[in-house]
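Chemist: In case you want the letters, here they are:
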Amino acid sequence: MKKLTAMLLAFGLLAAPVAFATPATDSLLVKYKSEGAGKADPAKAEQDWMREVSVDGELMACATCHGSDFAKSGKHHKTGKVIEPMSRKVNAERFTDVKKIEKWFKRNCKDAWGRECTAQEKTDFLTFLLAQ
Amino acid sequence: MRINMKTLLLLAGLLCLPVAVQAEEQYSDWMLSISRHKEFNPVKNATYSEECGSCHFAYPPGLLPSQSWEKLLNAKALENHFGENAELEADTLREVRAFARENAADKSYYKRARKIAVATENGEAPLRITEVRYIKRKHHEIPEKMVKGNKDVKSLSYCDACHTQAKNAVFDEETVRIPNYPDWED
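Quick note, the sequences are listed as chains A and B, same order.
According to the numbering used here, the first sequence is numbered sequentially starting from 1.
According to the numbering used here, the second sequence is numbered sequentially starting from 1001.
Source of the hints: derived by calculation from the structure; they are not laboratory data.
C-beta atoms are modelled at their ideal positions from N, C-alpha and C, and glycine is treated no differently.
Any given hint could be a false lead.
What the hints assert, rightly or not - Think about it this way: if two alpha-carbon atoms lie no more than 25 Å apart in a straight line, the pair counts; the simulated PhoX-like pairs of lysine-lysine are:
id : chain 1 : residue 1 : chain 2 : residue 2
1  : A       : 89        : A       : 75
2  : A       : 89        : A       : 100
3  : A       : 103       : A       : 44
4  : A       : 81        : B       : 1076
5  : A       : 103       : B       : 1151
6  : A       : 75        : B       : 1151
Said to hold, decoys possible - The calculated label-pair distances, taken between Cβ atoms and stated as ranges, are:
id : chain 1 : residue 1 : chain 2 : residue 2 : range
7  : A       : 80        : B       : 1184      : 45 to 53 Å
8  : B       : 1146      : A       : 39        : 53 to 61 Å
9  : A       : 98        : B       : 1172      : 36 to 44 Å
10 : A       : 69        : B       : 1127      : 32 to 40 Å
11 : A       : 81        : B       : 1091      : 47 to 55 Å
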């Protein structure tokens, strides 16, 4: 029985992040690995999501525009434009386009943190977000 | 002889027609369409709509002269696009910039675009549409409470907050609906 629970748990842990993966995210995670990223740390991404950094006198975090409920849409802090939900459970289009993912990682890391994200940070974020 | 001449003319005409249309597509569009040349040329480029429109209303390029678009749409400028990073890949940027320049106010036959071209002829090319004299004058009489003080408008930059047909590049008075001020009339 214990063995079965352990097996189920292991299976669950393995399956969870993969459940909402897409060909785009698979190829990006491979790319980040080749750029030096180690094992994904979704817990760190969860903390980082809320971490506020002062950029041009404004406190910015990922959650500033995306919110912290991944099933709900967010709002651009300046233009007010609606940002579709991050969760693939409600937004099937999310994380299906390599170019888009890279484009927004680049822009948003610079806007929210004043610098580009590292391959490790992108691995953490992507793994964390895919499980939402 | 007469028949031959007619046939010849017909043939010549048929040959010329597609060439002429192709060469001056914009101009012939303008000539043939009574309603559309009043406003702006609508945004007809999927990349432009997608890239600009993912953050804000995709402004029809006729709202600014080509010099303004040159200043706005280059790699350096997009790193800080009104305080936001809006970097584009080189290929995408090329397409977006080409579309904006080709349809800019000074390249357009549409009436409002012409007015903007005239208003921006002299002096520095503006970076903001709201700095264009023609735009300022057109919005001059609207009280601040309906724009800045209106939570559903906030700024003149949000064209489509009031211009219900903005996405079709139509900005006439009949299509204006100011949120929270249903009784407004110019």
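Chemist: State for each hint whether it applies.
Modeler: Against the structure, the hints:
1. The straight-line distance between the Cα atoms of residue 89(A) and residue 75(A) is roughly 19 Å, inside the 25 Å bound, and the hint therefore holds.
2. With a C-alpha separation of about 19 Å, the suggested pair residue 89(A) and residue 100(A) falls inside the 25 Å cut-off, and the hint holds.
3. The straight-line distance between the Cα atoms of residue 103(A) and residue 44(A) is roughly 22 Å, inside the 25 Å bound, and the hint therefore holds.
4. Between residue 81(A) and residue 1076(B), the direct Cα distance comes to roughly 24 Å. Compliance with the 25 Å bound is thereby established for this hinted pair.
5. The straight-line distance between the Cα atoms of residue 103(A) and residue 1151(B) is roughly 31 Å, outside the 25 Å bound, and the hint therefore fails.
6. Using a Cα cut-off of 25 Å, the hinted pair residue 75(A) and residue 1151(B) holds, with the two alpha carbons roughly 15 Å apart.
7. Under the hint 45 to 53 Å, the C-beta atoms of residue 80(A) and residue 1184(B), about 21 Å apart, miss the expected range.
8. Separated by about 55 Å at the C-beta atoms, residue 1146(B) and residue 39(A) satisfy the suggested range of 53 to 61 Å.
9. Hint check: residue 98(A) to residue 1172(B), Cβ distance near 42 Å, so the stated range 36 to 44 Å holds.
10. The hint said 32 to 40 Å for the Cβ distance between residue 69(A) and residue 1127(B), and at roughly 36 Å that hint holds.
11. The beta-carbon spacing between residue 81(A) and residue 1091(B), approximately 24 Å, falls outside the hinted interval of 47 to 55 Å.
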